[in-house]
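Enquirer: Each chain, letter by letter, is given below.
2 protein chains.
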Amino acid sequence: MIDRTRGFYDEALETMPAAKRAQAQREMLRATVLHAYEHAPATRKKMDDAGVRPGDVKEPSDLRRIPVTRKADLKYIQKGEPPFGGLAAVPPRAMRRIYVSPGPTFDPEGRDATHWRWEKPFVAAGFREGDIVQNTFMYHFSPAGLMFDEALQRIGCTVIPAGVGNTELQAQVMKELSVTGYVGTPSFLMTILEKAKEMGYTSGDGLSLQVGLVTGEMFPESLRARFRDEFGVEARQCYGTADVGSLGYECHVAKGMHVPDEIFLELIDPATGDPVPPGSIGEVVVTLPNRTYPLVRFATGDLSILSDDPCPCGRTSARLLKLVGRVDQVTKIKGMFVHPEQVTQLASKVAEVSSAQFVVTRTDHDDHMEMRIVLKDPAAASDALADRIVEAARGITRLRGEVRFIAANEVEEPEKKIIDKRKWD
Amino acid sequence: MIDRTRGFYDEALETMPAAKRAQAQREMLRATVLHAYEHAPATRKKMDDAGVRPGDVKEPSDLRRIPVTRKADLKYIQKGEPPFGGLAAVPPRAMRRIYVSPGPTFDPEGRDATHWRWEKPFVAAGFREGDIVQNTFMYHFSPAGLMFDEALQRIGCTVIPAGVGNTELQAQVMKELSVTGYVGTPSFLMTILEKAKEMGYTSGDGLSLQVGLVTGEMFPESLRARFRDEFGVEARQCYGTADVGSLGYECHVAKGMHVPDEIFLELIDPATGDPVPPGSIGEVVVTLPNRTYPLVRFATGDLSILSDDPCPCGRTSARLLKLVGRVDQVTKIKGMFVHPEQVTQLASKVAEVSSAQFVVTRTDHDDHMEMRIVLKDPAAASDALADRIVEAARGITRLRGEVRFIAANEVEEPEKKIIDKRKWD
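Chains as they are written, first to last, in the working numbering: chain Y, 1095 to 1519; chain U, 1095 to 1519.
Since the hints were made in silico from the structure, they are not lab data.
Same chains, same names: a pair is fine if it fits in one copy or spans any two.
Under the rule of at most 20 angstroms between Cα atoms (straight-line distance), these lysine to aspartate or glutamate pairs were calculated in the DMTMM-like manner: (1) K1517 with D1458; (2) K1515 with E1464; (3) K1269 with E1175; (4) K1169 with E1270; (5) K1173 with E1270; (6) K1169 with E1262; (7) K1173 with E1262; (8) K1426 with D1458; (9) K1169 with D1422.
Everything numeric in this text was worked out from a predicted model, so none of it was measured.
Let the sequences and hints guide you as you build the complete structure.
Expert: In structure tokens form, the structure reads like this:
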């Protein structure tokens, strides 16, 4: 039986003591800022405009003097100076591959094997040398397929470059090639496993699948449990983007995603740019020590929460507890950020609530938050329940709102968790 | 201006004198047969059954004692002993990737960088370090995309893994990333170039495309001329399969496809298994010195013609003049093989002929070949023309047939060049 829990891809790096990591991160930051300043004209300009010289960045806190570069602006930055908007440190002809994300936005891949850094996530998820892995990410235009493919090879796995779709063939291949590992979205894994079951193949009875690394969409614990209990598959999730590669990965403990040591990650308040404390929601901002694409304070637009608590797996990094949404879905109410995820949290914290939606209005410079609540049983509506909901919402948002019980068919714009009706002059 | 004509990927190998190549091929054959015998159980069995020991194969002519393994049978061979039917020399877990061709048939890829050998074809086609290449072959399940992708990187190109489809995005990317090279089918290249033109991009006016390597379907000279004259693109073709990789590639002279030095290629009479002389049609049979998949006499099912004439490019290998069809389309008439390509040849050799179709019948153990001829001008029908057609057909097939002039709407089963109406007990 293979031990899929113990083991690291780079134990020294992953288990570094805090002081050593702080020192390594300091050195990495200095080198990255210098490299980007010298080779990426857009970063040089951003720093010059802010009056920051590379030598000024000695400590992580100095980094805050450099403004962020927003992922949402990449499209315009690239259009301004094609193809990479001055953010790449080498010309296109010196790159290994160039990808095209929807937009289109161009994503460079350098010639270094370490460009995307997915080896650690695979090992942490239990993938081992000799695994035969079905890679169901797309290889065309998007980098997802190839970045996982090549990392798998580097840890000694055999890859089936399957791409997405073709469920029946996927199930057949999973069986006939005795596939032991899967990488792709969690929902597609469930689709394949259900198709395989329909075709008569289940774990131990045709299927050999043991581990999965999933990403690209929300991965609820209930789905993880089904993979484990119904199909004998241990699935771990990871987080990354087409711009920067790996940004976090679960270990066998599966309580949050370890932040890779080779990058510098901040969680910042999207409004002030200040770092948020552990446990608070902030935007993921990355400084990427990459020879080809040395990004300095790249704001991903993803919102997450960091934890510094020690992890029993032995990895000493901080962990991203979960992804809670996108910056552009955040609403500021009475000076506080409220995020759709928090509305969803409310529904999960009060048992009687089926779904919730916040509607924000403004009278005389005063914000008003109405919490429209659909109950599982409409007859349960009561002032006492409304009070409990108000309290739960305060715990989550630190804001006081007003409850209004509505029927399911009264939900306006059901795709929105927060409806902002305020008018601004 | 880049010189895209001169230059080799491996000059010493590609320009070897005949005696040196013969010696190299002899050594390669001996080593391959020994490696396959020792590590691929199906090859060992095939040789044992034929009473051939590895040491018996000293000269290429000795190889003929070993029966061919037919590509068309792979599906059954693999089903008999999954997944590789005993033809692979290493277990699946030691492979780099595993692909799935329709069937499904599994195709192994070894961990050696030389597994598919597409570097020489790219250099011969004029691809150079620094080219930015749009790879429009599919990366999913089929090996085509990845085998070209990785060869391009090894010669120093930058790859855009585009896959097939998405014509408008392909044209946009070709322009915005200043793509200089294309690999894919010739028809898809024409589709992209026409779409680009429609969008206002042409060679020198938005597009930078200069070279193309095309394969996967017939590549008529008229299409090559259009790429060159209308779009400023020099396109070269190559030939290979998902089982064995590169089997032939055009140089800048573009008169036939050079046979790679690293494999042993025979053209055989599909009936007798004897080698056919240069200029005659035979089936391509490959012996592949691959550590992972050391095939011995793998019959591809493709029919081609070899030429030994020297090529002005300096490469000294034999060339496959063209691919003329598939073995399974061959019909045996009066003991002679007749192939659809020969029927097409007839139409091209007699100017008055628009199209031809052969219909074979049998009376008293005697085959009868009727040549149904559609003329460009039906009024041209005459006994003298019929005689010329009979003579032309004899030159091509060595068979005497009988001409019947028909109208275009009388053609039966137009997709067939040969209709076999013989009954066999």
